[in-house]
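Undergrad: Here's the letter readout for the chains.
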Amino acid sequence: MSLRVMVGVKRVVDYAVKVRVKPDKTGVITDGVKHSMNPFDEIAVEEAVRLKEKNVANEIIAVSCGPAASQETLRTALAMGMDKAIHVEIPQPQYDTMQPIHVAKCLAKLATDYKVDIIILGKQAIDDDCNQTAQMTAGLLDWPQGVYASKIEKDGDLLVVTREVDGGLETVKLKLPAVLSADLRLNEPRYATLPNIMKAKKKPLDKKTPADLGVDLAPRHQVVSIEDPPTRQAGAKVADVDELISRLKALGRI
Amino acid sequence: MWLMRNNPRILISKSIINISKFSSTDQVELTSIRYKNHVKRGDFATINGSDVGVFEEILGNERVVIDPNDLQIHNIDWIRSVRGASRLLLKPKTTDEVSRIVAYCNKRKLALCPQGGNTGLVGGSVPVYDEIILSTSLMNQIISLNEWSSILVCQAGCVLETLSEYLNEREMIMPLDLGAKGSCQIGANASTNAGGLRLIRYGSLHSTILGLEVVLADGTIMDCMSAMKKDNTGYDLKHLFIGSEGTLGIVTKVAIHCPTKPNSVTLAFLGLNSYENLLKTMKKAKKELGEILSSLEYMDGASVESVIEILKLKRPIGEFPFYMLIECSGSNERHDQEKLNNFLDDVMESGNVADGTIAADLNQMSEIWGLRERIAEALLHDGYVYKYDLSIPVTHFDELVKVMQKELGSLIKRFCGYGHLGDGNIHLNMTCPVYDPKITAKIEPFVYEWVQRHQGSVSAEHGLGFKKRDFISYSKSPESIVTMKQLKKLFDPNGILNPYKVLPV
Chain E
1 MSLRVMVGVK RVVDYAVKVR VKPDKTGVIT DGVKHSMNPF DEIAVEEAVR LKEKNVANEI
61 IAVSCGPAAS QETLRTALAM GMDKAIHVEI PQPQYDTMQP IHVAKCLAKL ATDYKVDIII
121 LGKQAIDDDC NQTAQMTAGL LDWPQGVYAS KIEKDGDLLV VTREVDGGLE TVKLKLPAVL
181 SADLRLNEPR YATLPNIMKA KKKPLDKKTP ADLGVDLAPR HQVVSIEDPP TRQAGAKVAD
241 VDELISRLKA LGRI
Chain C
255 MWLMRNNPRI LISKSIINIS KFSSTDQVEL TSIRYKNHVK RGDFATINGS DVGVFEEILG
315 NERVVIDPND LQIHNIDWIR SVRGASRLLL KPKTTDEVSR IVAYCNKRKL ALCPQGGNTG
375 LVGGSVPVYD EIILSTSLMN QIISLNEWSS ILVCQAGCVL ETLSEYLNER EMIMPLDLGA
435 KGSCQIGANA STNAGGLRLI RYGSLHSTIL GLEVVLADGT IMDCMSAMKK DNTGYDLKHL
495 FIGSEGTLGI VTKVAIHCPT KPNSVTLAFL GLNSYENLLK TMKKAKKELG EILSSLEYMD
555 GASVESVIEI LKLKRPIGEF PFYMLIECSG SNERHDQEKL NNFLDDVMES GNVADGTIAA
615 DLNQMSEIWG LRERIAEALL HDGYVYKYDL SIPVTHFDEL VKVMQKELGS LIKRFCGYGH
675 LGDGNIHLNM TCPVYDPKIT AKIEPFVYEW VQRHQGSVSA EHGLGFKKRD FISYSKSPES
735 IVTMKQLKKL FDPNGILNPY KVLPV
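Line by line, the protein sequences give chains E and C.
Using the numbering used here, the first residue of the first sequence is number 1, and each one after it goes up by one.
Using the numbering used here, the first residue of the second sequence is number 255, and each one after it goes up by one.
If you are wondering where the hints come from, they were derived from the structure by calculation, not from laboratory data.
Heads up, the beta-carbon is just placed ideally off N, CA and C, and yes, glycines get one too.
One should not assume that every hint holds.
To give an idea of the interface, some chain E residues facing chain C are shown, with a C-beta separation under 8 Å as derived from the structure [as the list claims (entries may be wrong)]:
(1) D14
(2) V17
(3) V19
(4) V21
(5) P23
(6) S36
(7) P91
(8) Y95
(9) M98
(10) T112
(11) Y114
(12) I197
(13) A200
Result set (BS3-like, lysine-lysine): computed pairs, CA atoms no more than 25 Å apart in a straight line [stated by the list, open to error]:
(14) C/K593 x E/K202
(15) C/K534 x E/K199
(16) C/K641 x E/K34
(17) E/K237 x C/K641
(18) E/K34 x C/K347
(19) C/K593 x E/K22
(20) C/K515 x C/K566
(21) E/K84 x E/K199
(22) C/K742 x C/K363
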């Protein structure tokens with residue numbers, strides 16, 4: 001049984017960069033800042049490539065919704081081993097207000113059009129931390145979902161997904177087609193090696209627009225302001241237990 | 255005998271002191287014992303209780319350290335190859351305190367060992383006998399940063415990484431970078447003319463340091479702190495202090511020119527099958543990436559295997575006998591990526607490069623750098639490391655490794671060659687379980703003679719310190735050594751500044 005897998009990837013500010021809020025509080029500074037593939041998406045790509053290497057998948061497709069620069073991220077995915085890429089081109093002003101619901105609608109339409117069997121997304125993007133796209137996509141398609149996956153196995157016609165949840169690990173069995181989201185411990189992404197980086201240049205990259213997919217990008221909510229968290233107050237040293245107690249009493253803590 | 259503070263409330267144990275009693279089981283042999291045939295204690299005074307009292311008056315109790323447990327790490331170098339027997343560590347905060355300490359020591363003829371981050375690799379940063387250790391660690395204030403001229407002024411004890419982080423937030427970088435950045439201090443970097451990973455792009459400290467404040471052997475504070483790029487008024491004295499390893503004066507302040515932070519940094523890691531291929535790739539890199547090249551490093555198979563095996567670092571590409579690390583820094587990411595991609599296409603097609611990868615994000619970048627920067631750390635686990643930092647013709651890097659393999663064979667556990675390919679500077683490392691003078695005798699002067707035959711330097715960037723002072727003549731003419739000794743006598747007539755280092759007796 002050979003499956004078609006679609007992986008969503010997002011171009012985000014590199015997770016090692018110290019993010020700074022714009023003076024007008026409308027967002028964070030992204031100009032001139034290093035960007036790379038969302039780390040959870042790297043894990044999703046790696047998982048898809050491994051599924052192909054195990055012959056569980058026979059075609060693996062990367063998708064990204066975003067402005068022109070998103071193509072860099074798609075090229076990285078191709079260099080890691082994806083077979084082809086789809087770029088849903090979103091102009092910058094609309095990208096600034098795009099939300100998970102819009103991405104989910106795009107992915108749902110693409111999954112139907114391309115007859116996808118498994119969608120793997122990163123658990124969440126490190127810029128908005130929404131953790132919604134996989135769940136919404138599953139809802140729109142009415143497909144089962146295995147989110148926060150730390151292990152994915154095939155058992156006949158079913159997928160067995162081990163999920164990392166607050167209480168520990170939960171295992172679910174899903175019928176196909178299904179939506180999964182990758183958590184940190186699912187795998188360790190590979191380095192894209194030069195021969196693959198060069199092959200990637202020749203792999204197909206299809207362009208689509210939201211109109212092609214019938215998706216309306218009008219935002220559902222508005223970001224009012226973005227601010228730095230309050231600066232941490234300096235601590236104080238006390239000389240002994242007696243002083244600690246009297247300080248706590250003075251602060252009304254005891 | 256222990257030092258007693260004048261304050262009777264603080265008593266020191268009166269048991270017989272032999273520092274080794276406080277040691278861990280694998281204590282390093284005292285330099286004065288291991289090298290007893292090569293060095294003897296100079297005609298310096300011995301510290302007594304009233305000296306401690308004077309220092310306490312200048313610094314207060316807390317910054318005068320006499321507890322042998324606290325002194326241990328300051329008496330041993332980072333690679334555990336030398337151990338001194340100092341009984342006193344001083345931690346000044348200001349230039350004035352340094353001046354008063356040095357003036358007193360000069361009067362009393364007490365020897366001093368200036369110490370920064372203690373990351374030196376030639377035994378230059380720790381005492382040989384009982385020299386007083388003068389640590390700059392508490393002199394860690396950043397004084398000013400002029401964002402228009404890009405000149406940073408700071409005290410000598412600022413840690414390099416701290417300065418880098420400070421500058422990073424202001425869109426600038428330090429002109430030097432080395433593996434020891436988390437511990438090494440800028441004053442000592444200046445005193446040793448530290449080289450590092452970006453010398454190929456930003457130059458040596460002789461060009462990037464614009465000014466120094468130095469305390470001379472008699473306590474005089476010499477202000478050479480011009481913070482200007484161009485100042486041709488008289489003899490440029492600061493250059494004497496850069497690279498003289500604390501033997502002509504103690505650096506207390508630094509003014510350094512900081513490059514603008516590049517908009518784009520890309521890193522490629524390549525695997526090659528032969529040294530021939532490596533040389534051809536290097537030539538191509540210089541031609542096609544020239545103006546954006548910021549780092550060009552080489553590692554042989556054994557070097558990379560050591561970090562993978564010992565530190566369990568990740569292997570990015572397959573196993574090859576040679577690796578190159580190429581970093582590019584520029585003002586436009588798209589342009590740089592295009593240049594790098596074209597270069598990589600070329601070298602892959604020509605077959606010179608067997609495999610490689612480009613760091614996809616900052617995390618991969620630091621992982622790949624780890625493969626180069628942590629080799630020294632990994633090799634320490636083998637036991638004892640014979641380290642040779644040499645300038646030799648770049649065409650002969652691998653030949654030298656093979657020559658040493660032939661000469662020493664199974665006496666050595668691991669032969670590693672790695673280093674600054676773009677600067678013609680190889681780090682030759684040979685490890686074995688324990689220090690063995692018989693092995694040393696087989697290596698030295700054999701390796702130095704080889705270097706001399708190839709008109710190279712027996713110490714490209716690490717300096718001479720204690721361990722290499724006797725080999726200076728392999729790279730410097732006799733008359734220049736005579737002049738160096740005259741300068742030392744002029745600057746430090748009593749010889750109290752970092753004795754036993756740099757110049758041979």
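Undergrad: Against the structure shown, which of the earlier numbered hints fail to hold, in ascending order?
TA: 3, 4, 5, 7, 8, 9, 10, 11, 13, 16, 17, 18, 19, 20
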